[in-house]
Amino acid sequence: MTRSSLLIFISLVSLLSLAGCASSPERADTSAPPEYRSTTSVDSAGEALPEKGSDDFEDPIEDPFSDPFADDESGQTDELASISDPLEPINRVFFYVNDKAYFYFFKPIARGWRAVAPEPVRVGIGNVFSNLMGPLRILNSILQLDLEGAAGEFARFALNTTIGLLGWFDLASERGYPNDKEDFGQTLGYWGVGTGPYLVLPFFGPSTLRDGVGLVGDLYLDPVNYTDDELNWHESAIKAGVEAVNTLSLDKDTYEGVIKESVDPYLFMRNAYLQRRKAQVKK
Amino acid sequence: MTIRSIRPLNLIALGVAVVFMAAQAAFAAPTPTDALKSTIDKVLVILKDETKTPQQRKAVVVETVRERFDFTSMSQFVLSKNWREANDEQRSTFIEKFSKILENTYAGRLQEYSGETVKYLDEKIRGDKALVDTAVATASADIPISYKLRAEGGDWYIYDVVIEGISLARNYNATYNEVIHKEGFDGLLKLMEERIQSGESKE
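So the sequences go chain by chain: V and W. Residues in the first sequence are numbered from 1 upward in steps of one, following the numbering used here. Residues in the second sequence are numbered from 1 upward in steps of one, following the numbering used here.
No lab work stands behind these hints, which were simulated from the structure alone. Check the hints yourself; a few may be wrong.
As the list claims (entries may be wrong) - Among the chain V residues that face chain W by a calculated CB cut under 10 Å, a handful are:
#1 S262
#2 Y266
#3 K282
Claimed, not checked - Straight-line C-alpha distance at most 20 Å; calculated SDA-like pairs for lysine to any residue:
#4 W:K100 with W:M192
#5 V:K260 with W:N104
#6 W:K100 with V:E261
#7 V:K252 with W:I163
Think of the CB as a built atom: it goes at the ideal place given N, C-alpha and C, for glycine as much as any other residue.
Construct the complete structure from the given sequences, taking the supplied hints into account.
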C-alpha cells in the first residue's frame, strides 16, 4: 500500500463525510419530516391519526398501526424512505446482472461444492476465512471506541487461531465470544457519515456509497495485508471467490426462497439491505 | 368494620375466591414468550414428524402458524397510509393475498429445517404489544429472530418478524408502497396474484 494511494483514500473518505453530512445522516433528528424521492409519504409508526375506514370492516386497532418498538428497531420507515436511490435504473441493471450471475454461475458451483465436500469441511473453511478477518474486526471495533468489543474479538481471534487450529474450529462462539462482524462501513456510520445513495455493485451486490468506500477502506486497513504475505489483486479475487462459493454452499437457498418470491425483488433487497446495515451500525 | 368482625367462614370463603380468581387470571393470560413458544414447539414437532409427507407437514405447519399470526394487524402495518385509503373489499383481498404470499414464501423455507434449536432470550412488553427475542442456532452461526406480538382476548398474536435486524413488515411496506405509488392499489393486488400463481405452479 503506497503512500499516494493512502492519501487518495483519505481524501475520498473526507469527501464522503462532506457528502454524507449533506445527505440524511444516520443519527439525524427525526422529528422533522424528511424529503424523500418517492412521493408515497409513509407516516412514522407511532403517530395516531384519525381513522377513516368504514364501520363495516372491523379495525382491531387504531389506524395507522402504531408500533411501540419502532425506536428499538434498526430501520424506521421514514428514515429509510429518505435514503436516496438516484441511480435506480443503473442499480436495477446490476441487480439483474448479479441475479443471472448468481443463478447461472455461483449457485451451480456452490451446489457442486456442496455435493463434493461434507458440511463439517465447509463449515471449517468458512471459519478459517472468518478468522482471517479477525484483526480487521478488532481494528474497526477500536475505531468505533468499542474497547469491550475489541477485547472480545481479540480473545476470539486468539482462541480460534491457536486451539481452534488457525480458525478451523470456532470454539470462541460457544464460549461467549460471538462474531461481531464490524467493518469499516460501520465505523464510518458510527462517526456519523451518512449512507449516501444506494448502490448495487457488480458481484458484491447491494451496498451504499459509504459501505462501498468502507469496502475499500477495509482493504487498506486490514492488518493481514501488511504482513509479509501480501496478496496481489488476482489472489485476492480468487480468495474472495472461494469464500463466496463456500458461503453459498452453506446457505439454504435464502435468495431464491425469499427475495425472488417478492413482488419486486429489487426493492425488497434494497430495503432489507438498508435495514440490516442500520441494525449493524447501531450494534 | 374490621377483619375480626367478619365471620371466619366468610373470610375463608372470600380468601378462596380471591385465590381462585388470581389463578384464573394467571392461567388465562399466557406471557408473549409462552404463546410464541407453544406455537414454535408445535411447529418443530411437526417438522420432525417422519410419518408424514412434506406436503402434509407443510399443511399442518401452515395451519398452526396461521393460528398465531394476526394477518389483519400485519397488513395494516405493511400498508400504513394506503390502508386508510383502501376500501373494505381491497383490504380483505389484500389480507387474503398477503397471507398466501407469506405462506408460499416462508413455508418453503421450513422444509430446510434440520434440527436447529431455538433459544428464547428476552421479552419486552409495552401496553398491548410485546417483543420477544429469540435465536436459532445453526451450524455456522446464531440467527437472531425477534417476534412482535399483540395482545387480544387474553392471548398473543404475531404482527411482525424481525430477522437479523430486518423487519418483515417494514420490508414489505417499502416494496408494496412503492408499487402502489406506481401502479395503484389494484395494480399491487394484480402483481400479488401473479406471484401467487407462479409460486403455486412451481409445486
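Hint-by-hint comparison with the structure:
The beta carbon of S262 (chain V) comes within 6 Å of a beta carbon in chain W, closer than 10 Å, and the hint placing it at the interface holds. Because the closest C-beta pair between Y266 (chain V) and chain W is about 9 Å apart, less than 10 Å, the hint holds. Taken as an interface hint, K282 (chain V) checks out: its beta carbon lies about 8 Å from the nearest beta carbon of chain W, inside 10 Å. Of the supplied pair hints, the one linking K100 (chain W) and M192 (chain W) holds, its CA atoms being roughly 9 Å apart against a limit of 20 Å.
Between K260 (chain V) and N104 (chain W), the direct Cα distance comes to roughly 12 Å. Compliance with the 20 Å bound is thereby established for this hinted pair. At roughly 12 Å between alpha-carbon atoms, K100 (chain W) and E261 (chain V) fall within 20 Å of each other, so this suggested pair holds. With a C-alpha separation of about 15 Å, the suggested pair K252 (chain V) and I163 (chain W) falls inside the 20 Å cut-off, and the hint holds.
Checked against the numbered hints above, the structure breaks none of them.
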